[in-house]
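These are the residues of each chain, in order.
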Amino acid sequence: MTKSTLIRWFICICILLGCTACKTEHRFVKRTEFKKTNIIVICFAGQVDESWANNFKSFRINELQDPDIQLKVDRVELSKDKRTLKIFMKDPLNKSNPHQVALPDIMSEGKSQGTAMVSVKKLYWGNLISILIGAMFIYNYVFVKYLGLCVYLGVTQKKSTAIGMGFTFTIVIIFSTSISWFLYQYILKPYQIEFLQIIVFIGLVSLTVQAVDTILRKVNPILFKEFGVYLVLIISSCLILAVPLIMAAQNYDFFESLMLSSGAGLGFFIALFLMSCVRERIDLAPIPESYRGMPIAFIVSGLFALSFMGFSGMSIF
Amino acid sequence: MIENNKSYSNIFLNGILNENPIFRLALSMCPAVGISTNVMNGLLMGIAVLFVQFCSSLTISLVKNFIHPRIRIPTYTLTIATWVTVTDLVLAAFFPVAYKSLGIFVRLIVVFCFITMRLDVFARKNPVFPSLVDAVGMGFGFMLGMMAIGGVRELMGMGTLLGYDILGFRPLLFFVLPCSGFFVVGFMMAIFNYTEIIYNRRKRARSVA
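Quick note, the sequences are listed as chains A and B, same order.
Taking the working numbering, the leading residue of the first sequence gets 47, the next gets one more, and so forth.
Taking the working numbering, the leading residue of the second sequence gets 35, the next gets one more, and so forth.
This is chain B alone, in the form it adopts within the complex (with noise of 0.2 angstroms):
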């Protein structure tokens, strides 16, 4: 049950900053290196993710009592399959064009581990309306991770963000090859870890001093 010093908010937060999926828990990382040479490209998978997630939640929160514990993981892996086949076939007809650009990444949604995990950790033991919340905010967590390195990658790649000219050159051109998703995720981990460094070892000192 939920407790009541949780508020919303803080759900909605705690996948955007504590648990993001991509730099917190480092879960599901192949569309965050495979296919985040723009922003486009990480806010279309973003959707999708948050489509899915969203709709798994809430199928599992309205069921949770009829499922049994266990076989309650082969539940929601197929409940996550019928709406990834959902997204998968609206992708394909009504955007063609960026169905395309996420090539098999979007049938993969099914084995990103972080929905099945929020469904387990979240959605089974909680009303429908928090999972609601818990299942945006992770969402909107893992399209805000995607951008941000799609960002970055396209930023110094090509000079661009969505599409439109910012630098009017192009820095480096490393950041479009492929590979360099690897390179931008490690780099803004690093980032992420000494900025948390910097801030304890701040904390300590106030504390001490």
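Isolated chain A, as found in the complex (with noise of 0.2 angstroms):
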């Protein structure tokens, strides 16, 4: 019984998520997707004329954000049944940000279509995904971007700790992004006090640890005697201030952040089991007097950041 809601539930997601992913802006063009690194893909409701596209000329082809920059085009392809448009750029595109291409005067068996503005943007799931993946390896908020130090430093001396910490903190972080997002995109933006976000974040995490503290001592207070004195401690890590800065900068909305705090959350946790697993074997090894503590932790991190250098570079979907 349960079991079939939740599938109910998860194909209306699907559907409603499938819709968001494939609207256009124009009647006449279908669908518009990247491919490879450098080749744009447009699909057309009907046949175009082949004179039309060898006009690339026209074509204005551009990131949404800085219209003034134009993109060159290099050449471009038409598929045999002439209704698909394959764009090859002169440069690598850029693809984690929406592009807008500007078709003008599409001609269709000699009649005109009027002019095209779509935009083209990566795949709404593959986007989430890439967000989820980056967040915990290729952005590793510990090794890569080097934040929520304190914290990471603090609490790596045993396994059990770290990995109380790690849970805690990804818990949190969520809860606290998707209460910052409904508070950044319906207060602080539609009054146009985006200014005051450093403010809002910060009292709405030590609000939402201090919650959890409340709610987690009268629901469970097992739990609570494992995971409570890890509360105190996150509210002094940068991590969990930087990614609602983070989502508020880089404009994500509601799953996107979701996929941005879980990420940044789980990359944290794996950080700090690696880091504990280490700890716990230098703690037997003979180590020089004056690198005992601290400095060997710093070394050994600074390892690990040259092996998740490794990811950097690396692009999903």
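Worth flagging that the hints you see were computed from the coordinates, not collected in a lab.
Just to be clear, a hint being listed does not mean it is correct.
Said to hold, decoys possible - In silico lysine-lysine, DSSO-like type, Cα no more than 30 angstroms apart, as pairs:
1. A:Lys132 to A:Lys157
2. A:Lys132 to A:Lys49
3. A:Lys103 to A:Lys128
4. A:Lys141 to A:Lys103
5. A:Lys81 to A:Lys136
6. A:Lys168 to A:Lys126
7. B:Lys134 to A:Lys235
8. A:Lys157 to A:Lys118
9. A:Lys118 to B:Lys134
10. A:Lys136 to A:Lys167
11. A:Lys167 to A:Lys126
12. B:Lys134 to A:Lys168
13. A:Lys126 to A:Lys136
14. A:Lys167 to B:Lys134
15. A:Lys141 to B:Lys134
16. A:Lys141 to A:Lys82
17. A:Lys141 to A:Lys168
18. A:Lys136 to B:Lys134
Starting from the two chains in their separate frames, assemble the complex, guided by the hints.
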């Protein structure tokens, strides 16, 4: 019973998200997408003329944020059924930003279909997953962005504390970022008081931590006994404030910010776990006296950071 | 209340030497690792932190009698957040280049633990002028730490200091890499520990003799 309800909900959400993914702004343009590193593919509802397609000098392609910088087209390729147009760009595209393509006077079988302004975005699901993986590994907040180091160095003495902290942190950051998203989109932005975001977000974080503390104490005292100590520490972590700020700066929608926060939390969890494993062994190793404690911890994190550099430049979807 | 045997110069030096936020307390390491690629960044970050620490110490020591002890931590956080917002907007308006190179770390001054710690440990209990001296000392300690790390990284990585060519060649390009911040901080801490160990050993030897 519950399972079938769950599946029904899941399908509904899929359809909803699917609909948001494939809408375009012009009736004659059916679908737009990125391919490889420098190709934009545009599917038309009908056949377009080859002479029009070859006149690609009149196409205007730019990133949505800065319309002044026009990107250069190398060549175009029309498929055999004359419904799909491949635009090859001179330089690789920055696929994380949506692009805008202006197609003047689309000619289809001799008739003009009007000028189309369409936007090209990454696939919605692919985008979500790439945000998640990106926040976890490629831009790992501890080893690549160097945030949250105080807590990271403070709680990684033992494996059990590291796991407890990682778990609590992931939950708190998901909660607080979701609430920050609502507050940012529905209060700060409409009233144009975005400059207050630092005060609002830090206040919100401390409120969330306090709320989780109170709720956990009443609902599940055993869990509270295990994780309660870490809750206070969380406020002093840079990461908990950095994620809402990045969310606001990138103007993410709700699911994107959810993915960003869970990716950041899980990435932090991974960092804590790796580091605590190493530090438990370091305690037994013969280390020069002057390196004991903090210095060796820093050097080990440096080695981790070097290895995490291997993820850089990776792009998924 | 301030004790008589603690002069202002002692309070000032306390922040730079005994309780240096970076090397002794190991608090707020994120900027020390993240943006210390050159001296200029360290200087700018230090000035921003100095300003925030100065203003919030001033505010808290002025209104300390009106703050209920149970809500003191949220009060500190909000005070710091206000001053950080001011710094953020001023930097963005007047020094856009510097603002860009510091990135998100200007806004993250809010969560630097040592600012809150100084407010709780010092500004809450002392009159205005000593708290200001303490704030300036702490800020300078942070700034000097950041500049030292930045100096080592810039000199070793690029062979320059503050943009001026010093060595004429690039000794170790490794130090330009973002992750080398960890190594530099680790090695510098180890050097400080080593000097302390040697110093204590000499002192002990002298006292025995």
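Cross-check of the supplied hints:
Of the supplied pair hints, the one linking lysine 132 of chain A and lysine 157 of chain A holds, its CA atoms being roughly 21 angstroms apart against a limit of 30 angstroms. Under the criterion of a C-alpha separation no larger than 30 angstroms, the hint pairing lysine 132 of chain A with lysine 49 of chain A is inconsistent with the structure, at around 43 angstroms. Pair hint lysine 103 of chain A plus lysine 128 of chain A holds up; C-alpha atoms about 19 angstroms apart against a cutoff of 30 angstroms. The hinted pair formed by lysine 141 of chain A and lysine 103 of chain A meets the criterion: a straight-line CA distance of about 22 angstroms does not exceed 30 angstroms.
Between lysine 81 of chain A and lysine 136 of chain A, the direct Cα distance comes to roughly 14 angstroms. Compliance with the 30 angstroms bound is thereby established for this hinted pair. Between lysine 168 of chain A and lysine 126 of chain A, the direct Cα distance comes to roughly 25 angstroms. Compliance with the 30 angstroms bound is thereby established for this hinted pair. With a C-alpha separation of about 23 angstroms, the suggested pairing of lysine 134 of chain B with lysine 235 of chain A holds against the 30 angstroms cut-off. A hinted pair counts as satisfied when its Cα atoms are at most 30 angstroms apart, and lysine 157 of chain A with lysine 118 of chain A qualifies at roughly 27 angstroms.
For a cut-off of 30 angstroms, the pair hint linking lysine 118 of chain A to lysine 134 of chain B stands: about 28 angstroms separates their Cα positions. The hinted pair formed by lysine 136 of chain A and lysine 167 of chain A meets the criterion: a straight-line CA distance of about 19 angstroms does not exceed 30 angstroms. Restraint check for lysine 167 of chain A and lysine 126 of chain A: satisfied, since their Cα atoms lie roughly 25 angstroms apart, inside the 30 angstroms limit. Between the alpha carbons of lysine 134 of chain B and lysine 168 of chain A the distance comes to roughly 27 angstroms, so the proposed pair stays at or under 30 angstroms and holds.
Of the pairs offered as hints, the one joining lysine 126 of chain A and lysine 136 of chain A holds, with about 23 angstroms between alpha carbons and a cut-off of 30 angstroms not exceeded. For a cut-off of 30 angstroms, the pair hint linking lysine 167 of chain A to lysine 134 of chain B stands: about 27 angstroms separates their Cα positions. About 23 angstroms separates the Cα atoms of lysine 141 of chain A and lysine 134 of chain B, which keeps this hinted pair within 30 angstroms; it holds. The suggested pairing of lysine 141 of chain A with lysine 82 of chain A holds, with an alpha-carbon distance near 10 angstroms, which does not exceed 30 angstroms.
For the proposed pair lysine 141 of chain A and lysine 168 of chain A, the alpha carbon gap of about 7 angstroms is at most 30 angstroms, so the pair holds. With a C-alpha separation of about 29 angstroms, the suggested pair lysine 136 of chain A and lysine 134 of chain B falls inside the 30 angstroms cut-off, and the hint holds.
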